Amino acid sequence: MNIPISPEQASSFAFSVDLYFYMLVVLCSVLTIGIFMTMVFLAIKFRKIEGEDRPSVPLENMALEITWTVIPFVILLGLFFWSTYIYGYYLKGAPEESLQIDVIGKQWMWKVQHPNGKREVNDLHVPVNVPIKLSMTSQDVLHDYFIPAFRVKQDVVPGRVTELWFEPTKKGQYHIFCAEYCGTEHSYMKGTVTVLSHEDYERWLSGALPSSGANGGVVMTGEKLFKSKGCVTCHSGLKGAQGPDLTGLFGTEGMTAEGESFMRDEDYIRESILQPQVLIVDGFTPLMQSFEGQLSAEEVNLLVDYVKNK
Amino acid sequence: MLFRIELATAEGEIFDADMYNKFFTLHGVIMIFFFLIPSIPATLGNFFLPIMLGAKDLAFPKINLLSYYVYMGAGITALLALGTGGVDTGWTFYAPLSTQYANSQVFLTALAGFLAGFSSILTGLNFIATIHKMRAPGLTWFRLPLFVWAHYATGLIMMLGTPVVAITLFLVLFERATGIGIFDPAMGGDPVLFQHMFWYYSHPAVYIMILPGFGVISEVIGCFSRNRVFGYEFIAFSSLAIAILGFFVWGHHMYVSGQSFFTGVIFSFLTMMVAVPSAIKVFNWTATLWGGNVSFESPMIWAFGFMGLFLVGGLTGIFLASMGADVHLHDTYFVVAHFHYVMVGGMVMAFFCGVHFWWPKMTGKMYPEWCGKLSALLVFAGFNATFFPQFILGWVGMPRRYHSYPEEWEALNVLSTAGAMLLGSAFTFIIVYLVWSMFWGKDAKFNTWGARGLEWEKCATPPDPHNFHGVPVVTEEAYAYTGKESVDV
Numbered sequence: 001m002n003i004p005i006s007p008e009q010a011s012s013f014a015f016s017v018d019l020y021f022y023m024l025v026v027l028c029s030v031l032t033i034g035i036f037m038t039m040v041f042l043a044i045k046f047r048k049i050e051g052e053d054r055p056s057v058p059l060e061n062m063a064l065e066i067t068w069t070v071i072p073f074v075i076l077l078g079l080f081f082w083s084t085y086i087y088g089y090y091l092k093g094a095p096e097e098s099l100q101i102d103v104i105g106k107q108w109m110w111k112v113q114h115p116n117g118k119r120e121v122n123d124l125h126v127p128v129n130v131p132i133k134l135s136m137t138s139q140d141v142l143h144d145y146f147i148p149a150f151r152v153k154q155d156v157v158p159g160r161v162t163e164l165w166f167e168p169t170k171k172g173q174y175h176i177f178c179a180e181y182c183g184t185e186h187s188y189m190k191g192t193v194t195v196l197s198h199e200d201y202e203r204w205l206s207g208a209l210p211s212s213g214a215n216g217g218v219v220m221t222g223e224k225l226f227k228s229k230g231c232v233t234c235h236s237g238l239k240g241a242q243g244p245d246l247t248g249l250f251g252t253e254g255m256t257a258e259g260e261s262f263m264r265d266e267d268y269i270r271e272s273i274l275q276p277q278v279l280i281v282d283g284f285t286p287l288m289q290s291f292e293g294q295l296s297a298e299e300v301n302l303l304v305d306y307v308k309n310k
Numbered sequence: 001m002l003f004r005i006e007l008a009t010a011e012g013e014i015f016d017a018d019m020y021n022k023f024f025t026l027h028g029v030i031m032i033f034f035f036l037i038p039s040i041p042a043t044l045g046n047f048f049l050p051i052m053l054g055a056k057d058l059a060f061p062k063i064n065l066l067s068y069y070v071y072m073g074a075g076i077t078a079l080l081a082l083g084t085g086g087v088d089t090g091w092t093f094y095a096p097l098s099t100q101y102a103n104s105q106v107f108l109t110a111l112a113g114f115l116a117g118f119s120s121i122l123t124g125l126n127f128i129a130t131i132h133k134m135r136a137p138g139l140t141w142f143r144l145p146l147f148v149w150a151h152y153a154t155g156l157i158m159m160l161g162t163p164v165v166a167i168t169l170f171l172v173l174f175e176r177a178t179g180i181g182i183f184d185p186a187m188g189g190d191p192v193l194f195q196h197m198f199w200y201y202s203h204p205a206v207y208i209m210i211l212p213g214f215g216v217i218s219e220v221i222g223c224f225s226r227n228r229v230f231g232y233e234f235i236a237f238s239s240l241a242i243a244i245l246g247f248f249v250w251g252h253h254m255y256v257s258g259q260s261f262f263t264g265v266i267f268s269f270l271t272m273m274v275a276v277p278s279a280i281k282v283f284n285w286t287a288t289l290w291g292g293n294v295s296f297e298s299p300m301i302w303a304f305g306f307m308g309l310f311l312v313g314g315l316t317g318i319f320l321a322s323m324g325a326d327v328h329l330h331d332t333y334f335v336v337a338h339f340h341y342v343m344v345g346g347m348v349m350a351f352f353c354g355v356h357f358w359w360p361k362m363t364g365k366m367y368p369e370w371c372g373k374l375s376a377l378l379v380f381a382g383f384n385a386t387f388f389p390q391f392i393l394g395w396v397g398m399p400r401r402y403h404s405y406p407e408e409w410e411a412l413n414v415l416s417t418a419g420a421m422l423l424g425s426a427f428t429f430i431i432v433y434l435v436w437s438m439f440w441g442k443d444a445k446f447n448t449w450g451a452r453g454l455e456w457e458k459c460a461t462p463p464d465p466h467n468f469h470g471v472p473v474v475t476e477e478a479y480a481y482t483g484k485e486s487v488d489v
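Residue numbers (the numbering used here), protein chains in the order written: chain A, 1 to 310; chain B, 1 to 489.
Hints are computed from structural coordinates only; laboratory data are not their basis.
As the structure is a prediction and not an experimental result, all values here were calculated from the model.
Treat the hints with care, as some may be off.
Unchecked claim - What the simulated footprint calls covered on chain A by chain B, stretch by stretch (three residues with Cβ under 8 Å from a Cβ of chain B suffice, anywhere in the stretch; the number is not a length):
(1) 5–17
(2) 83–93
(3) 185–197
(4) 243–252
To be verified - No more than 20 Å apart at the CA atoms, straight line, and that leaves these computed lysine to aspartate or glutamate pairs for EDC-like:
(5) A:K48 / B:E297
(6) B:K445 / B:E297
(7) A:K227 / B:E407
(8) A:K45 / B:D190
(9) A:K171 / A:E8
(10) A:K224 / A:D305
(11) A:K106 / B:D190
(12) A:K227 / B:E457
(13) A:K118 / A:E292
(14) A:K308 / A:E253
(15) A:K224 / B:E408
(16) B:K56 / B:E457
(17) A:K310 / A:D245
(18) A:K48 / B:E369
(19) B:K445 / B:E476
(20) A:K224 / B:E407
(21) A:K48 / B:E485
Beta carbons are placed, not taken as given, at the ideal position from N, Cα and C, and that holds for glycine.
Chain A extracted, bound-state conformation:
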């Protein structure tokens, strides 16, 4: 069984954090074991022995008290400067030449927009060895953008723009989580960051390279897409969901606010994914964004099939 005990190191920031963390683990282990063992040792050495008369003496020792006040103080001061120095590197902010990507958090998905206008949901594609600056805000409650492999995290606050930056150093796929509790489906507000080579990133931007989302490399099913692309957020079928429940909807007849009726066939589902604003069923507000350009033709087919059989 494979039990992970350390997160992957995939950014320029990760090494310095890890160095500090492991140093502190060693220091604290030594202290914990050392102090606890001293207690046990003293307790046994001075254990009560029947018949032995060991009168207790009132103990005070100023020099000792000062020593064990000053030593922790100095150690803590050292730790404070070290860790603040690490954080200082991060807080200098993103370098000028960073690639800026906009992120909007909403219950419960991440919407991402690249400089050339290309969009994605939950997932993020970035080139390797380039500083990336995420410019983030929230549409509703507090969220928090967290990529463990990069050791970075930043709250996403409504009414403010916050910034998160990192420089990925290793190609691969890593988790993205929402780390600030944001309501019912908080734990589904996650995705995958894919670090690509420069060429692949350019190809991906132009649409030549298909997206590799939460389950990249694995056979993609409609159900997985439905979750990883955030469809499930609004179309969960739960009470209070913003979009319609899709269960059993295929093949039924719909009616727009203008009283125009239509058939919910394959073409309609496809259109609703790619141009959701065209036909709006009476009673719903046009909230949904277009997924045009974010899904490959194959992925659209999978989703249509999934909705058909739902």
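Take the given structure of chain A and dock chain B to it, following the hints.
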């Protein structure tokens, strides 16, 4: 506690997300507002504080009764909120989720927290007045048991901090009820303001929980080493230092909330400094054993358990106080493990330590010694199995309050659940034998442990309604052990 971990493991199949969110909110609200904060002060404190001072009762018995009624009222309100649908905001009630978006019983639950706060303020007030005014003749400040010093510090935080959380929760209720924007940016409010106000109380609140625990440990270590507690003044003043410093560290919950770098630096520094008085206490307790006549009855076993777990809990606090590491660890399971080590490993161990220590005095009955020792070991083992894996989970990046998680983390979660089962059974075991002892236990002796202090030497077992016949006079320092006192279990 048990059920919460249980559902966290099963990849989100047993309960749905909404139910899970309501469970952890409930767990947080009940445990913090209705167990951890009042547990030691309201039970052992209320009972022994007047006795240790040589007084008949607290300074204001009727205010004490009022605070009990308010507490019960708050408890009933919380149960009502649970019965009518539950809450899903987390115990922190972060705005604007709590003010605008959550559609569950936020109103009732926040009201319950608000009321419980009043009960806490009244208790703190009562403690401070009693300690100032009702000490027996000869009982000078530096003859007070350290348990009393710890409650003095606790009382200060209760009085100065709790009104702020009451205001904060009130503003949440106000914003929900009237729609006036205080925290919601859509209406011109500021959600980060909520965090400042909330943590201004809620961080000192953890010291409300742990300081009385420190008091208990000082009593027990002194008694079972048959020694005067080493560095008495240092332990007493470190309690006050923690109480005061505790008010200036709230920002360490907010390194990544968008506060400025400079603010973060100040809070990081002050937070680190809290470790100094805590370290002083630990070193002094260790030194108390030196040259003593140490014996190992159940309360002492609990005290050792406390030391082991509190060391881990306290030291992992340094990881989180460090800005560089906290950016990664914030809001992960590392934090969950850390505060459980301090709150359960520290506070709850100390609570049971105190219960086992004073049980014979309070009830006049003795529990079987082997049960007390066995349960301490079981709790220690179960606790470590439950929460140690969570440090690792946090380090690899599992965020807290997650109902489902990536598959590769399942093994550690399963281990954590197994530990929780053991911990749950241990707690059940304690309740069973304590209740058993009340009916069928041996009668306790006048001074079971051969301990010093007014409660053991001048007060009947169990205490009479007015504690003492006449006014006791104190002529020596606390913990004036000679090494010849005998234990009579």
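Hints, verified against the model:
1. 5–17: holds (count 5)
2. 83–93: holds (count 8)
3. 185–197: Coverage by chain B holds for the region 185–197 of chain A (4 residues, Cβ < 8 Å).
4. 243–252: Contact hint for the region 243–252 of chain A vs chain B: violated, 0 residues under 8 Å.
5. A:K48 / B:E297: 12 Å, holds
6. B:K445 / B:E297: 15 Å, holds
7. A:K227 / B:E407: Since the Cα atoms of K227 (chain A) and E407 (chain B) sit roughly 16 Å apart, the hinted pair holds (cutoff 20 Å).
8. A:K45 / B:D190: 59 Å, violated
9. A:K171 / A:E8: 11 Å, holds
10. A:K224 / A:D305: Holds - the C-alpha atoms of D305 (chain A) and K224 (chain A) are around 12 Å apart, at most 20 Å.
11. A:K106 / B:D190: 18 Å, holds
12. A:K227 / B:E457: At roughly 68 Å apart (the allowed maximum being 20 Å), E457 (chain B) and K227 (chain A) break the hint.
13. A:K118 / A:E292: 10 Å, holds
14. A:K308 / A:E253: Holds. K308 (chain A) to E253 (chain A) sits at ~14 Å (cutoff 20 Å).
15. A:K224 / B:E408: 18 Å, holds
16. B:K56 / B:E457: 15 Å, holds
17. A:K310 / A:D245: 10 Å, holds
18. A:K48 / B:E369: 18 Å, holds
19. B:K445 / B:E476: Violated, at roughly 24 Å.
20. A:K224 / B:E407: Within the cut-off at roughly 15 Å; holds.
21. A:K48 / B:E485: Holds, because 11 Å separates the two Cα atoms, which is no more than 20 Å.
The structure fails to meet hints 4, 8, 12 and 19 from the earlier list, while all remaining hints are met.
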